[in-house]
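S.K.: Okay, here's what each chain looks like letter by letter:
There are 2 protein chains.
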Amino acid sequence: MPELRKSPIMERWVIISTERGKRPLDFKREKKPMVGGFCPFCTGKEDKTPPEVLAYRDPLSTPNSPGWKVRVVPNKFPALQIEGDLDKRGDGIYDLMRGVGAHEVLIESPDHTKNLHHLPQEHIESIFWALRDRCIDLKKDSRFRYILIFKNWGEEAGASLEHSHMQVIATPIIPKRAIEELEGSKFHYKLKERCIFCDILKQEQKEGSRIIYSNEYFIAIAPYASRFPFETWILPLQHISAFEKTPTEWFPALADIMKTVLTRLDITLDEPPFNFIIHSAPCKTPDLDYYHWHIEIMPKLTKVAGFEWGSGFYINPTPPEYAAEVLRDVDIGGADDKNTTKEKVEDKEWPQKKSK
Amino acid sequence: MPELRKSPIMERWVIISTERGKRPLDFKREKKPMVGGFCPFCTGKEDKTPPEVLAYRDPLSTPNSPGWKVRVVPNKFPALQIEGDLDKRGDGIYDLMRGVGAHEVLIESPDHTKNLHHLPQEHIESIFWALRDRCIDLKKDSRFRYILIFKNWGEEAGASLEHSHMQVIATPIIPKRAIEELEGSKFHYKLKERCIFCDILKQEQKEGSRIIYSNEYFIAIAPYASRFPFETWILPLQHISAFEKTPTEWFPALADIMKTVLTRLDITLDEPPFNFIIHSAPCKTPDLDYYHWHIEIMPKLTKVAGFEWGSGFYINPTPPEYAAEVLRDVDIGGADDKNTTKEKVEDKEWPQKKSK
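Chains as they are written, first to last, in my numbering: chain G, 1247 to 1602; chain U, 1247 to 1602.
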C-alpha cells in the first residue's frame, strides 16, 4: 500500500509508491559522454566570460588570466540584470517589476573533467568560502531580498555547460519556495518554541533509519517526505539560520559531507544528473530562531509530469528508508568497488518488508 | 531588461527573460520515432489491462474486447490504491496516511499512432464525455477530495507508454497546487466580489495580445505569467467552477478548441512533448462563485533546474505575447503548410520591440 507523507515543514504531500518501487539499477540510463571542445570556463579562456567578481588565485597571477583555483563571474546570459531599480507597477489586474537581480557563476576548478566531489576536500572547502564571500557581498545590496545558491549537473538536470559550476542568484523578492519553508517553520516555532529542523534532526538521530552520513558538524538524511528517489538533505547539527554565518571551524566538515554524499550517489546511481540548492535565511533578517539553513540534493532520475504539475504532489518510487540504507552502506574505498557495491545494493530488502 | 511577472491568481512569480529569448526553432530537438511493438492499450490487447470501468463501444461488442472507441481502465501500476480507508496517523513529528485513491487511464482511441488532436472533433468530444462521466462517478466516493485529470505526451513529458492516453487521479486530500489557486481566487473574490478568472478573461479580451484562439464557449490564451514557453490555458468564457458541470452544448466547442490549439502547437514546435492538466473545483463543494475551471497545456521545451526547484520561480525565455502571436497566426490548413508557417514564425518580431 502506498503511503501519503506530509512534509513536516510545509503543506507538501508525497506519495511513497512502494508498488512502483525502484532500486538503483531501475534508474539505469544511457550515460552521455563529455563532449569537450570549446569551454569558456576552462583555464586560458578567462576572456570568454565577463570579468571575475571574485577569484582565489596564485598571488603572482593577474585577474582574468590563468592561475586561479575558484573563480566567480557574472552570468553572460543572466536571468536577472544587475542595473537599475525595480520599478514596481501594475497593468490592469497584473503586477510586474523589472527583472533586477544578480546572477553569478562559480567555476569550481580549472579542470573541465572534474565534478565538485572529485576535487580534494580542501578545494571543496574553498568553494564554500567563495560562496560565503559572495553571499556577504550581495547582501549589502539593499535591493536584494534573497540569495539562492544552486548547482545543475548533467544535461537532464538543466546544465547547459559541462564544466562543473554553481550559480548564485540574488532576487528582489523572497521566492515562493523559501516563503513556504519560512512560514511553515515559523508556524511550528509559534506552537512549540522549537525549530522544526532541530526537531527533525532529533527524531532522525533517534530513529536512525534515514541517516546517510554524519560528521562532527553536519548530518545527511533522506527526508521523511522525499520528493525524489535518493533525495538527500544536509543540515548543520547545531541551529543556525544563515549559510554565510556558518562558523569557520565547520567548513572542513561541510566539505567532507558534500564530498562523501555526492561520491556515494555517484557510485550507487552511476553518476546521476543532479541539482542541489542551498536554502538559507533571507537578506535583511537577524538570526532566526525558527529557521535552519540546509542543502537539498535532488538526483534527476524521474520525470516531473502532469500529475506533479497539476497537484504539487510528488510520486516517489523509492522509500527514503531504503535510499538511506543503500547510501549508508556504500563503500567509497575506491572505484574498483563499484560492482561489488551494486551487487550489495541489489540484495537490499525494501524497508517495509522488515517493519511490522 | 527581463520582467518579473506575478500570477494574478497566486504568489507565483515568473521571470520573462527576453535576453535569453527563444523562438520556436530554438527549441529544436531530436525527435524520437514511435517505437511500436507490444502495446497494452491497442485494440485486441484488452486483456492486458485491468477490466474496463467505462467504454464507449459498439453495442454489439462485449466488455474488454475490441469494438471500443474510448476506454477507461484502472492503472495497472497505480500511484494510489482504491481499497481501504485512510488511517491518518502520526509518527513523532511526521504525518502520514495510507495512499488511498483512484488512478485510472483513459485510452483515447484504439489507434496506436494517433495523438488526441489527430482524432476527429466528435471523437475528442466523446473523450471529454468519458472524462465527465468518470468525474461524476468518482465524486460519489466520500473518501475523495479532488479529481485531477492530466495527460503526459512524449517521453520527455513523462509518458511511459506511447499510445495516446490521459489519466484520472482521485486524491484523499486537496492537492497543494489546487489549494493555492482556490485560496488565491477566494482572496480576490473577497476583495472585489468578482472571479479572478473572469477578470483575466475580460482584460485579455480587451487587450487581445495574448489571445491564441476562441470560439463560442471557450478561449485559449498565453497566460500573462506563463511559466513555460508556449504555455496555453483554455477557459470557458462563462463562469463555471467544475469541469463536470459544463453544459452539454459547450462540448463540441471544447473539442474544437483542444484540437485547434494542440494542432497549432504541433505545427509551430514540431510535435513537442507536452503535459496538460484540468483544474476544477474540489469534490464536496457547491458551485463556487470564485473559482473557474480551466485547462493548462505545458509544452515540455525547457528543463526545470536548480533555480526553479529552489525558488518556485520559473524562467521563461519566450514572452507570452510573442507565443500568442505565433500560435494565433498558424495556418492549420494542411500539413503542406508546415514549412511556410515556420518561415512566417521566424519573421515575427519580439513583442517588446513593437511596444513603446
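Read the hints as simulated data drawn from the structure, not as lab findings.
Keep in mind that the hints are not guaranteed to be accurate.
It does not matter which identical chain is meant; a pair holds if it fits inside one copy or across any two.
[As the list claims (entries may be wrong)] Only pairs whose alpha carbons sit at most 30 Å apart, straight line, appear in this in silico DSBU-like list of lysine-lysine:
1. K1436 x K1334
2. K1432 x K1252
3. K1252 x K1315
4. K1491 x K1549
5. K1315 x K1448
6. K1436 x K1278
7. K1334 x K1252
8. K1360 x K1294
9. K1252 x K1322
Quantities reported herein were computed from a predicted structural model and do not represent experimental measurements.
S.K.: Next step is simple, just say for each hint if it's right about the structure.
M.R.: Each hint tested on the structure:
In the homo-oligomer, the alpha carbons of K1436 and K1334 lie at most 30 Å apart only across protomers (24 Å), although the nearest pairing inside one protomer, at 33 Å, exceeds that limit. Proximity of K1432 and K1252 under a CA criterion of 30 Å is satisfied in both settings, with 17 Å inside one chain copy and 24 Å between copies. Proximity of K1252 to K1315 under the C-alpha cut-off of 30 Å is found in neither arrangement, the shortest distances being 42 Å within a copy and 40 Å between copies. In the homo-oligomer, the alpha carbons of K1491 and K1549 never lie at most 30 Å apart, since the shortest distance is 35 Å inside one protomer and 32 Å across protomers.
Taking the shortest Cα distances, K1315 and K1448 never come within 30 Å of each other, neither inside one copy (38 Å) nor across copies (56 Å). For the homomeric pair K1436 and K1278, neither the shortest alpha-carbon distance inside one copy (49 Å) nor that between copies (53 Å) is at most 30 Å. In this homomeric assembly, K1334 and K1252 come within 30 Å of each other (Cα to Cα) only across copies, at 11 Å, whereas the closest approach inside a single copy is 36 Å. Taking CA atoms no more than 30 Å apart as the test, K1360 paired with K1294 passes inside one copy only; the shortest distance there is 20 Å, against 47 Å between copies.
Within a single copy, K1252 and K1322 get their C-alpha atoms only as close as 40 Å, which misses the 30 Å cut-off; across copies the closest is 25 Å, which meets it.
Of the hints listed earlier, those the structure fails to meet are numbers 3, 4, 5 and 6, in rising order.
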